[in-house]
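Model the full structure from these sequences, guided by the hints.
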Amino acid sequence: MWFNNIIKRLLSKKEAAFFITHELNFLLGSIMIFVVY
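Anchor point for the sequence shown: position 12 equals 11 in numbering that gives the first Met the number 0, and the numbering is continuous, going up by one each time.
There could be a bad hint or two in this list.
[Unchecked claim] In silico SDA-like links for lysine to any residue, alpha-carbon gap of 20 Å or less:
#1 K12 - N24
#2 K12 - L23
#3 K13 - N3
[To be verified] Quick list of simulated restraints, FRET-style, between CB atoms:
#4 Y36 - K12: 17 to 25 Å
#5 K12 - V35: 31 to 39 Å
#6 R8 - Y36: 32 to 40 Å
#7 V34 - K12: 29 to 37 Å
In short, the hints are calculated from the structure, not lab data.
Cβ atoms here follow ideal geometry from the backbone N, Cα and C, with glycine treated the same way.
Here is the structure:
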């Protein structure tokens, strides 16, 4: 999404990578919940 580019500029590389990983895990979790229900 558009805010990912802003976050990448504001945060360091490690923090940005951690945030992206957390976001991907959240999306995967949401998809799994959607599939279960």
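Evaluation of the provided hints:
| no. | hint | result |
| --- | --- | --- |
| 1 | K12 - N24 | 18 Å, holds |
| 2 | K12 - L23 | 16 Å, holds |
| 3 | K13 - N3 | 14 Å, holds |
| 4 | Y36 - K12: 17 to 25 Å | 37 Å, violated |
| 5 | K12 - V35: 31 to 39 Å | 35 Å, holds |
| 6 | R8 - Y36: 32 to 40 Å | 37 Å, holds |
| 7 | V34 - K12: 29 to 37 Å | 33 Å, holds |
Checked against the numbered hints given earlier, this structure breaks only hint 4.
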